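Engineer: Sequence:
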Amino acid sequence: MTNIDFKAEVAARKEALIADLFSLLEINSERDDSQVTPETPFGPGPVKALEQFLSLAARDGYATTNVDNYAGHFTYGDDLPDDAEVLGIFAHMDVVPAGSGWDSAPYSPEIRDGKIYARGASDDKGPTMACYYGLKILKELNVTLTKKIRFIAGTDEESGWGDMDYYFKHVGLPDPDFGFSPDAEFPIINGEKGNVTEYLHLSGENTGSVHLHSFTGGLRENMVPESATAIISGDLDGIQVKFDAFVQAYADKNLKFESELASDDKMTVILHGRSAHGAMPENGVNGATYLAKFLDEIGVVSPFIKIAGTILLEDHAGEKLGVAFEDPKMGALSMNAGVFKFEDSASNNTIAVNCRYPQGTDSDKIYEVLIALAGVTAVTKSAHEHTPHYVPMEDPLVSTLLSVYEKQTGLKGHEQIIGGGTFGRLLKRGVAFGAMFPGDIDTMHQANEFIPVDVLLRAAAIYAAAIYELAK
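Those letters in the sequence shown? Residues 9 to 480, by the numbering used here.
The hints are simulated quantities; they were obtained by calculation from the structure and are not laboratory data. The reader is advised that the hints may include incorrect statements.
To be verified - The calculated BS3-like cross-link candidates involving lysine-lysine, where the alpha carbons are at most 30 Å apart (straight line), are: (1) Lys15 - Lys123; (2) Lys155 - Lys373; (3) Lys274 - Lys264.
To be verified - Quick list of simulated restraints, FRET-style, between CB atoms: (4) Ala16 - Ser411: 14 to 22 Å; (5) His178 - Thr385: 25 to 33 Å; (6) Glu268 - Ser407: 54 to 62 Å; (7) Glu327 - Asp403: 33 to 41 Å; (8) Glu47 - Asp462: 54 to 62 Å.
What you are looking at is a predicted structure, and each value in this text was computed from that prediction instead of being measured. Beta carbons: idealized from backbone N, C-alpha and C, even for Gly.
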């Protein structure tokens, strides 16, 4: 291997790396379907972030390509032969909604106690820029490579992956031969479970001493709902005592109620839990299922509330739901009830159930269980589904990346299979690689998301070494 001290090269570029990262973090790149146009396919925010990323690449001397504001790329090694292999690096500029509970403005990045706080700091703008600077070091040092590097940035990874569908269809280039996504954790993610959202459709049937007028909870299917809101009327005597008793019964969950009584005797009730990534629902407290549990206890009678508050409550493995399944290699299915919508006058109320499933089961088997639930009138699937993905340990892509990780950290590498979905699975020989290290606190999709500055710098050095080893 070349004798470049990648850690020293990163350290020399620390301030520039942070400044470039801040320029991305300052952009609210949440998907906004209310502002979709032909020029802004997922709203203006993701486009602004993509344009800023490509402007950084243009500044550094790359020829950039923007594929109709869906995704963009630049290539290092255009002078290599046309038949040279291509290493693809896949990142994304979109972020999940910021939500509430932040100690600082989510799109005004700041460094506190050695950590960069902002939405997107760890998912995925921070790791993207660490990887970008890894390649930037090789470019600035004129390191000779035999493979081309195509660095691709998308704008819809957190939703339906419509960006990559469009990109591959319209970019006019062959797919990269192999690649990785800097959007997960070290030492490597070489396996990902299947991922599908199935929507439970229920009527507005609603009886009982307390009447439910509406119920909403959750921002995205791949986020644990931090809070939920219900409007109720009817027998509300002693409601505050009931709030207090419920909070006490679940004291370990740190639940918090808000309520407001309107002049028409309708009460708005908000319950706060704690958000988390939908692939790891056990790390959060689902505010929607706990609010449904509360409403069930105080007299709301509804299939919607019964399913939400009894079956889905704390059912992270889908055992009560009836979809639990475990594979010896890929592990157990996980379930997140992510978005809840109910109106008592509507005939089509929905609960979005997101399942990360291993090999051995599939979305059809999950559907068969869900459609049989009492009170469910129909089940529909998300238009976009991922099936389980795995790249063997003996593949040179996996073995090389693990070797780089071991040399750079002194830690033993090993394979990992996760429930999260990354752009690594876009290629048959594709994996996710960093930027979280073992033992790091995972704040993806949560309030007060952060990436430690030292993690950003360590990851950049590993990415520089990894790109060199894969493309030398």
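Engineer: Output the numbers, in ascending order, of every earlier hint that fails for this structure.
Structural biologist: 2, 5 and 8
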